[in-house]
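Q: So the chains spell out like this:
Number of protein chains: 2
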Amino acid sequence: MTTATLITPASGLVLTGDRPSEVADFERAMVDFFVDAAELLGVPKSVAAIYGIVFASPAPLSFADIEARLDISKGSVSQGLRVLREVGAVKEVSSESDRAELFEPDLELRKLVARFMENRLAKQLGEGESRLDQLAKALPKGRHGEAAVLRSRVKQLQTWNSKARALLPIAKAFLNLGG
Amino acid sequence: MTTATLITPASGLVLTGDRPSEVADFERAMVDFFVDAAELLGVPKSVAAIYGIVFASPAPLSFADIEARLDISKGSVSQGLRVLREVGAVKEVSSESDRAELFEPDLELRKLVARFMENRLAKQLGEGESRLDQLAKALPKGRHGEAAVLRSRVKQLQTWNSKARALLPIAKAFLNLGG
DNA sequence: AGTTTACTTCAAAATGAATTGAACTGACGG
DNA sequence: CCGTCAGTTCAATTCATTTTGAAGTAAACT
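Chains as they are written, first to last, in the working numbering: chain A, -7 to 171; chain B, -7 to 171.
FYI, nobody ran anything at the bench for these hints, they're computed from the structure. Here the structure is a predicted model, which is why all the values come from computation and not from measurement. Among these hints, one or two may not hold up.
When chains are identical, the list treats them as one kind, so a pair holds in a single copy or across two.
Cross-link-like lysine-lysine pairs, in silico, BS3-like; alpha carbons within 30 angstroms at most [as the list claims (entries may be wrong)]:
id, residue 1, residue 2
1, Lys66, Lys115
2, Lys147, Lys37
3, Lys129, Lys103
4, Lys66, Lys103
5, Lys103, Lys83
6, Lys147, Lys164
7, Lys37, Lys129
8, Lys83, Lys155
9, Lys164, Lys103
Work out the full structure: start from the sequences and follow the hints.
A: Here it is in structure tokens:
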């Protein structure tokens, strides 16, 4: 063992610019953290990076700030911010003195998580349930025990589907305990 | 409302061949179910389709059977079966009379789910924890309350990470209850 | 009115992952 | 041995998604 624990090869999306490298390093680590997490959740890197850079800043950032700190195009910043606003991950705070809108992370991560579960998991499980109903109806009634085998397999899937559905609210409750 | 509940546009991977259309319809529905689910889990369509077609058959299927029922290349069948064997989703049963290996689904879905949680979720959360440790060390000590803001944000992420870690075994236990 | 600033839009390019298929390996039968 | 059958491999291709950037819009300033 000669190398330290270098978890991931670093996304290289953060530009140092003229800020203290101490700050840029912190931002880099934060952006990488969210980029990693996003990969698991199926969110584009640029979107995760924007959230990361906003999260890493103690003060709200303007569009221009984000553009300057990240090595991504203006178009991506625009689209990414739209997505993040839509899901409530960042919110605009109007700056008094200036004309540009400023963005800060919405720290109610609870809500984000809940929304994610709702949108992706609950939706998928609901659709799965419908599909399984169709499957149960479409069961081919082949001879012997064959029909029985298939019936039991479909039933097994239905059991899993409903268990997963039942787990969702439990998970939600658990994550909310003293957030 | 004029249209029925057509959950998804159908993957079109199942070939009817010369089997009864009743059977092909069932297979189609099953394959689509797994293809959908796989999308959520980040598994390639072809792999999900192979699992689906095997799952939809009361009798074990040979390599050639799978190739004939699905509209995917021989190469994909080979690679897909390898993946499925590696994660224990299908198992080989040697056919007495014939020389070809036959495949059937490993119905211990519990194990599959547990393995998935282990590999994807637990791994990701573990890496996240390391990253967060790094982040905590890299906290830039800017003036005023700024440092405090960042410290509290990092702490918040750590709290979430550990909650998620704590949830995993709970979820596992819940899903195992009377499977 | 005209210019600048601040952002949005979207068609085209880049990226990255899955899929193909032709060449290959090796076991079996003749 | 030689040919065929059964499956594997992997470079090249296709496909889907993300990213870019140039052109467009609109509000704010002068």
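Q: If a hint holds in the structure, say so; if it doesn't, say that too.
A: Against the structure, the hints come out as follows:
1. Lys66 to Lys115: neither (32 angstroms within a copy, 34 angstroms between copies)
2. Lys147 to Lys37: between (39 angstroms within a copy, 23 angstroms between copies)
3. Lys129 to Lys103: between (38 angstroms within a copy, 28 angstroms between copies)
4. Lys66 to Lys103: within (28 angstroms within a copy, 46 angstroms between copies)
5. Lys103 to Lys83: within (13 angstroms within a copy, 42 angstroms between copies)
6. Lys147 to Lys164: The answer is both: 26 angstroms in one copy and 20 angstroms across copies each meet 30 angstroms.
7. Lys37 to Lys129: between (42 angstroms within a copy, 24 angstroms between copies)
8. Lys83 to Lys155: Result: close only across copies, 25 angstroms inter versus 35 angstroms intra.
9. Lys164 to Lys103: both (10 angstroms within a copy, 24 angstroms between copies)
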